[in-house]
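J.: Now for the letters of each chain:
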Amino acid sequence: MRAWAVASALVLLLAPAAQAAPEDTANRISENIMSPFCPGVTLHDCPSQQADDLRERIRRWAAAGIGEDRIMERLVAEYGEEVHAIPPGDGGGFTSWLVPALVALGGGVFAATLARRWTKAREQDREREDLRARRALREATPEQRERLKAELAAQEAQMLGGVDGGGLQT
Amino acid sequence: MTFSLASLGRPSLVAALALMLAAMALSAWGGTKKQSAAAEAGRRALTLAAGFVVLAGVALVTALFAHDFSLDYVTSYSSLALSRGYTLAALWGGMEGSLLFWTMLLCGFSAVAVRRRRGDDTLLRTWATTVLAGISVFFLVLLIWPANPFVVLADPPPNGTGLNPLLQSPGMLIHPPLLYTGFVAFSIPFAFGMAALLTRRLDESWLRLTRRWTLFAWSALSIGVVLGGAWAYTELGWGGYWAWDPVENASFMPWLTATAYLHSVVIQEKRKMFKVWNLSLILMTYALAVFGTFLTRSGILSSIHTFTEGPIGKWFLPFLALMLVGGLAMIGSRLDSLRSENRFDSLLSRESAFLANNVLFLAAAFAVLWGTIYPIIAEAVSGVRLAVGPPFFNSVFIPIGLALIALTGLGPLIAWRRMNPKAFLRMIRIPLGAGAATAIALAAAGVTSVGALTAIALCSFTAVAVGSEFVRGSRVHRAREKLGWPAALARTLMRNRRRYGGYIVHLGVVLIVLGFSGASFKVERSAHLAEGSSMVVGDYTLTYEELVRGETGEKEIYQANISAARDGELVEALTPQRNLHKVQQQYQSEVAIASSPIEDLYVVVTAIDPDGDASVRAFVNPLTWWIWAGAAVMAIGMSVLLSEPSPARVRATSPARVAKPAVATR
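So the sequence lines, in the order shown, correspond to chains W and G.
Sequential numbering of the first sequence, starting at 1, is according to the working numbering.
Sequential numbering of the second sequence, starting at 1, is according to the working numbering.
Treat the hints as calculated values from the structure; they're not laboratory data.
A few of these clues could be false.
As the list claims (entries may be wrong) - With a straight-line cut-off of 27 Å between C-alpha atoms, the simulated DSSO-like cross-links for lysine-lysine are: (1) G/482 / W/149; (2) G/270 / G/422; (3) G/272 / W/149; (4) W/149 / G/270.
As the list claims (entries may be wrong) - Listed next, the stretches of chain W that the computed footprint assigns to chain G, with coverage defined by at least 3 CB atoms under 8 Å from CB atoms of chain G: (5) 34-43; (6) 55-65; (7) 79-87; (8) 103-110.
We put the beta carbon where it would ideally sit given N, CA and C, even for glycine.
Only chain G is shown next, with the shape it has when bound in the complex (with noise of 0.2 Å):
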């Protein structure tokens, strides 16, 4: 027998959470006792752990690779002829491999975040070291007992079963592991944070630390929610974006709450102010992402994506019910420590506005999780079995979503502390008057949908609110330093990246809810169909030219070629596909969408009869288009925010800047 790699998986492991064990022992001695050797000594031994762990996740990625179906998860999630990009994907398509993918980031990022750094805060770090070993320790338990990814098989087949066809999709080789960097990336915050309580080191340095890694994180979590929506909609065929379906719904409520810590740290770091806040927040945010894991891996909620049903749900309830109550207790023993060292000076302040905006949040993360968790809750208490589906959902975040919007252009008019309303209400004139118009020429344009109306309205109002921010910056760069406009916008931009890079992400916003908007004039028809005939959809004629018969060694393909006229002209020629997957035995559609900024058409096949006929939904979706424009602006307002120099290297330079005022003085 020859030596594979894969043997090495599960004594890798084992060794990791040894080494984690020792960190975590050895780091949390040296914070007690104050020995720098032993605090020392914990950190290699995490960093070593972490490469012990990487080690395994190779084993399992080579496994994979050398179709090694001796090994029980090779077996079950891949096979011969699946291409090399889902092969790689099968390591985070099953819950084993998907938990070591979990663990392998977070120990990669525990090492990273820990690492020594110039000027940094030696006690806050041998703290986190402690907690994000005693995280590593609980997942490399699961991997090694009850979710062991290198299980061997006595009688290995010579082929696998091979990954779930849907999730052979261009968006799976990125979304779940844009999620789980999100999720894993939110530990160094929360450690820092439970470093800083239990050091009572609770000034703004933890936030310093951290808040590239928060920026990261949320950016993974924020762009990974987005393709997940991309995924649903080019692959699931029911012509949406989001189906408010329970795993969706995991991965969007530790982003609704890391959404509100992202903008309540600012009022901490500004205003010494919201601290307990902040530490409840990111606590909160920490404890939805291992939950969303848990939610998505223990079969609790059955849902589309839930393809797992494994042992491990009754491991992370306790662990997860330790972080809560041993978090809240450490905030609620340090509550002197904690009193905010500022107050609010007036009720029409950013501060104020930054508030509303956690409250919304808040309660948009909790009706999130009421409807997630209220059906099992229901038939737990009075044994009746209910859905709480989408409609409760949508007009749940209706209104909060509409609000948001507005103190999106609200919040950048209003200033610090204090304001003037006649200031106020000199600010606001432009962008409330071009928010009025908006919504006039909507109504005379015949749009009746008052939703619709708000919001497109709302995007107007705030997309001029926060462009105007952008101009007045300018206008000061242009007049101070005599630079032409774009240059001045250059400047604006790079002088005060957390903000205008804020401001860009805002705007990515605004484009993607005027992309939801658009989901009220959307059209759907659905036809039985013989080869030559049409269909009327919204003002497309759709003509079902012919079937294509073809086949690869994956699939038989079955191809409808459709189409498109508008107005008696030939638009669009569509190729939906039905295709059976060989190995599994199961039907897939494959979408067709010819997208524009104006309207997508998308067509989809859901059955071809033997004799050619073919079942066809078709859908117009209207605005569609600007949700993936919008996440694109996002992520370039993301990469303004990350690309601002690190809190360590802008305070070792810092003395060089003031010595310099850059622009002129009083």
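This is chain W alone, in the form it adopts within the complex (with noise of 0.2 Å):
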């Protein structure tokens, strides 16, 4: 994954002062197109002949000082709107990133409410809760009772490191 080095390259446009080398121009164009030659790679992962005199092209562009934006259109000019390795911010491409937006925002809301829903029921349980065990706990045999601190013992030994509160025993 070269995540960070999208995200570097974004600080880096954005840095007012910092004056990229061409060649590191060239090679951020090829991470942002698609291989005209190998299906379903970038330019920059390409292996074939033909990706490595394209990326070549690119580089010399770079390096006769043409800038991002005009190879780019250069590119989508000869090899059509399928280079751009993210659909470009229009029309249907639109989609590619509402959709995923949309949907991971609707699971954190749908979760988040289901954890409070399930949060305010939680005193009746309780209380609930709280009055089997203490009925239990008062009909249990001499035996019964040994044996729950013994397990409570293990338990506990089993969940060490636990804070305050922080036991299953509480």
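Hey, can you piece these two chains together into the complex? The hints should help.
T.: As structure tokens, this is what we get:
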């Protein structure tokens, strides 16, 4: 994953004083377009000879001082819109971002609502639980009590590191 | 004509199909009518069928090693010159062989999983047999008709066309088998989950029975995915390890949902919550594993890996649909029995952390799925061909990955059920300080990349948080049992392997993220070099010393001897190659990497001119080494997790354990 490369590229772009070397500009462009020669991978990652040649052309353009936008225009003119590794942010391409964002948001809201509802209902539950536990304890035989104590101890050993109010035994 | 084992291949598959159908029917009948004899007969039919499938697999492997070019498959994926190891790899090098391998694993695992054990749940096992036999039937049908690996050529050629040179790498000997093992092993928890639905035995027993299978499947898949990255890194020659190509995504999606499942299972076992959720997750995971197999094997997406375009795509979609619709319908019809037995006590609780973990993993899985299939949908809807490439995935994964790594550190600090915010602050103080200190130190050292800075700071936060768990555990053992630190640490680890093994896995993940963050600092340069000339990449000066030619039976070798110097001092001698594979008449680059924990110097020759000039691509990849180190740490954690005694045995011995309380009571 060259995740951070993209992030750092963004930072470099935003930094006013930073002047990227033409080589780095060319590399970045090749990371942001799909290879017309190997399906499914970027030009940067494509091992074919033609990809090598195209990368070389982009490097020469960048070295000649042609701007990133102009180079992208040339590439789109030559290979069509599908060279963009991210669908451009208009029309149909927009959906590629919108849908996952909405789904993630929906999932988060759903989970949060669920958690809150469960949290609210906890009071009654806890009372009922306590009641049941107390009754069970009253009816327990001495052997059962002994075993309970031992199991609690074993559990405590398992829960080492639990903090105030942390362990299951609370 | 002499007898060949290969002639037994297809008949074995037919026999296996007949037996699997019998296994399905018998176990379903036995389960419905509570006829234990029928159920047992079904189980034995499944075991026997597995034997026949293995026989078919042995037949194909034997044919490959015997260079039996009368088989179409052997001709297409192997050759006389192919070495022994790669001849074995040819078993999963093509569509038919890899499906046979898949089915072999499926039947083998099934036979082991449904074997009789003391104190197990017979009814659950019987219905799991039905489900597993049903899945096997589907794959056997594929193998007998549309994807028959035993097609005989009327006119056998003297030699085969050999295996794709890209696949001739040591990684290919273990990467595909591990991925397949992971995919297939999820059949077991899936089948027992479905059996739990069918029998309405919706307590935790299906989870307990399949816990080790889940861990095993997840471990194999994780290591398989990492090895895929390692293969790409050392073999493909573009200086990276993950291209977000559809086939990589296909292995990554089930991993994401499986990881969510692995975590949410803990909540069900501890708190009897999230039952519907866990069943849905295992259904999703298994569906994605089958979808992954389908994606890679149908040719629907073209990718560098999808080297086969076969007729089996149209078989997979109905199967997948049946599985999903059937599974969801069954979960829907059992909702009343699947209600949570507990509630959330507080939003500041371990349960909430697990829930957040699940939301993030699912969002990640959905984003990958969406990015992978969006081009197909867009083309179908609007007719526009467009691409969703790595920049999309990277921009989605940076925030999700950062949140997950933070959660990895937060989770262990938060108690189950509820926690006093003051206690939480006390717990988080030290890890937070470590993270902040790291961020300040990096900024002072001149790191300007916000992404890398955040990632490394979070790594340090999480490492300290997880590490402090070990310290806390050991301290208690030290105090109570008067042990030294190493002994106390070992005791902590072995007493609760599930918990501390998991923490070791988390530490491995931290190292892997550290390795990812190094990509921010990478440098890449290309040059066309004549012998004796030099180029500069990062701090290194690379000099192309000479071209060395050689030849083996398989290939013509062109090796560029390149020396690397830093500050005028020779530090490395690198020998990247550009080789012509004779059978395929295909050039293939062999990368040279000088690796260290600080940075990798990565050199690849992309072309060599007749006059000996070389096109060289060179990368300095900082911290990449930590990815592989982290994977090794994860593997250690996985072995600790898997070394936990099986739940059945634990139950058998638990009275004894209770009788002698190991640690002091209150």
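J.: Output the indices of the hints that this structure fails to meet, ascending.
T.: Violated hints: none; all satisfied.
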